[in-house]
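Starting from the known structure of chain A, arrange chain D on it as the hints suggest.
As a plain string of letters, each chain reads:
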Amino acid sequence: MATKHSRSAARLMMAPAVILLLGWMLVPLTMTLYFSFKRYLPLRGDSLENGLQWVGLENYARFIGSSAFWPSVQATLVIVGGVLLITVVFGIFLAILLDQPFWGQGIVRLLVIAPFFVMPTVSALVWKNMFMDPVNGILAHLWRFFGAEPVSWLSDASVQSIILIVSWQWLPFATLILLTAIQSLDSEQLEAAEMDGAPPVKRFWFIILPHLSRAITIVVLIQTIFLLSIFAEIFVTTGGAFGTRTLTYLIFQRVVDSQNIGLGSAGGVYAIILANIVAIFLMRIVGSNLDR
Amino acid sequence: MGRIVLDKVKKSFGEVTVIPPLDLEINDGEFVVFVGPSGCGKSTLLRLIAGLEDVSDGVIQIDGKDATDVPPAKRGLAMVFQSYALYPHMTVRKNIAFPLRMAGLDQAEQNKRVEQAAAVLNLTDYLERRPGQLSGGQRQRVAIGRAIVREPAAFLFDEPLSNLDAALRVGMRLEISELHKRLKTTMIYVTHDQVEAMTMADKIVVLQAGVIEQVGSPLELYSRPRNTFVAGFIGSPKMNLIGGAEAQKHNAQTIGIRPEHIEISTTEGMWKGTVGVSEHLGSDTFFHVQTPISEEPLTVRATGEMSLGYGADVYLTPRPEFLHRFDAQGLRIE
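Order-wise, the sequence lines are chains A and D.
Residues 1 to 292 in the working numbering are what the first sequence spells out, letter by letter.
Residues 1 to 334 in the working numbering are what the second sequence spells out, letter by letter.
Here chain A stands alone, though its shape is the one from the complex (with noise of 0.2 Å):
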């Protein structure tokens, strides 16, 4: 197969491919990274057709330098790795407990997945109608029962509400994942370890978590990238208050609600910087993890 006509002809073929993909990419990069050196303020006249006036960083130091930048980036972080962690740990406890043979596991594990299937924009608004509402909703109801004072969940605790919306929507990816390297590995080992002599936690420990670990590092790594842009599950619930404003978000509101895409574009070029840092951070532990 891989002589060199072969190799010219494959190249050739996915040429078209790659250069889409390239464009693609490349094309709202290079805009980005223009309007951020550009005072573009749509509703004060500026346009493409006039031209747009050079600012130099000025963009950059303004977005750095608003207090609303880093508290942003913690909220990012935090959201994002208090989703992580509890999609990782539940995935692994639902994923055994789907392992195991019981009646009706087709249909459970169906259910299991369906909460991925569920669009952002309407899972948000289930929750926050249907479960947060501190009046009618169901988690309202439950506190009343035992006669406690119902919680205004996405007001007093609200980067805790988005949290648990996110990670409804991502256990079920977690779990399938976790679920299918739990099936590969070898019932034999497992065997083995009981007649070693380790009890199931210790086999849990010492045989099926480090056969899991390759899994839960590519959740970790997919489930990153797309977390760092979660974005409907904020303009739903909480329209970016009570400390949910996530880089994403202040981005958007920089762009749409100030009308400053100049000043959104420079944003948007620190949202690449920590995507990146983020997945260089990741690529480590995930390749030193892959390479076993």
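Calculated from the structure, these hints are not laboratory results.
Quick caveat, the model's predicted, so the values are computed rather than measured.
Cβ coordinates follow ideal geometry from the N, Cα and C atoms, glycine included.
Certain hints may be false.
Unchecked claim - One side only, chain A facing chain D, incomplete, derived with CB under 10 Å:
no., residue
1, Glu188
2, Gln189
3, Leu190
4, Ala192
5, Ala193
6, Glu194
7, Met195
8, Asp196
9, Ala198
10, Pro199
11, Phe206
12, His211
13, Ser213
14, Ser229
15, Ala232
16, Asp257
Frame of chain A; chain D shown alone:
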């Protein structure tokens, strides 16, 4: 120290009975081989002894104590699995030390025992490697090492050599026999390969469909098979089993004669036949001879090299003292 007694042990999965009530005694220090065709329940029987499966009925005694409901770890048995079941994320050292670590031995004692085992098994140079970096035979030895550090009352082997290539298998066979001679611990070994059974066992248990067909030393099984199944299963190449008129002459339903117990001659003999395929091994020559007395060709062994053309006429004479006779139920007639 390693006497295992099965008393009316029965195993069924749902409606299907895999092992009907079965009695068996394994004495201390014996090398017992369970042999039988695939699906005969030999692995299940081993797993019952190990405690990895629950018995449906009956009692398993280990060293005189009822071990039927004792969890596997507490039975004092060590098992070597067909897939070796090594822990891929641990080094060889940690793999071998795992049972010691679970038993809560201190680090120094663990190291001492691991190094002893490694020396016995020629693994000293590989202690820091991971199983993925070892060859099949080395992995096999690590699995054995993990079993011997526990100093168990008995070793259980579940077809340990079936994943190795033929040359390595012969070598490991010797190593395991050697180990048994040195440790003098009870070993129970499951295989479908009758050559392994014959060469290694003190006592062979031939199983078919969960039923013990015969228990005995390799030579007992070879020279006095209790029924036609054992007769056909033990020995290589297989015993020739002849029915019909020829068997009637000997007052039997079936007669059996091993290939090595038939004289072959080009001039005279009891049965006349024509040579079919011949297999030349150098040390021996096997002929497949078509005769009028049976539909199947008879296998005949000639020592050394002997050349007979395809379709040549030969005469065969069974040695009467080695003729086995079986009745209508397939049981041996003395």
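A quick look at each hint next to the structure:
1. Glu188: holds (4 Å)
2. Gln189: The hint holds - Gln189/A has a Cβ within 10 Å of chain D, the shortest such distance being about 5 Å.
3. Leu190: holds (8 Å)
4. Ala192: Where the cut-off is 10 Å and the nearest Cβ of chain D is about 4 Å from Ala192/A, the hint holds.
5. Ala193: Hint holds; Ala193/A Cβ to chain D Cβ min 7 Å, cut 10 Å.
6. Glu194: Nearest chain D Cβ about 5 Å off; hint holds.
7. Met195: holds (5 Å)
8. Asp196: At 4 Å from the nearest chain D Cβ, Asp196/A passes the 10 Å test, so the hint holds.
9. Ala198: holds (5 Å)
10. Pro199: Status holds, d = 8 Å.
11. Phe206: Check passed: Cβ of Phe206/A comes within 7 Å of chain D, closer than 10 Å.
12. His211: holds (7 Å)
13. Ser213: At about 8 Å, which falls below the 10 Å cut-off, the nearest Cβ of chain D leaves the hint on Ser213/A intact, so it holds.
14. Ser229: At 33 Å from the nearest chain D Cβ, Ser229/A fails the 10 Å test, so the hint is violated.
15. Ala232: Where the cut-off is 10 Å and the nearest Cβ of chain D is about 39 Å from Ala232/A, the hint is violated.
16. Asp257: Hint violated; Asp257/A Cβ to chain D Cβ min 51 Å, cut 10 Å.
Of the numbered hints listed earlier, those contradicted by the structure are 14, 15 and 16.
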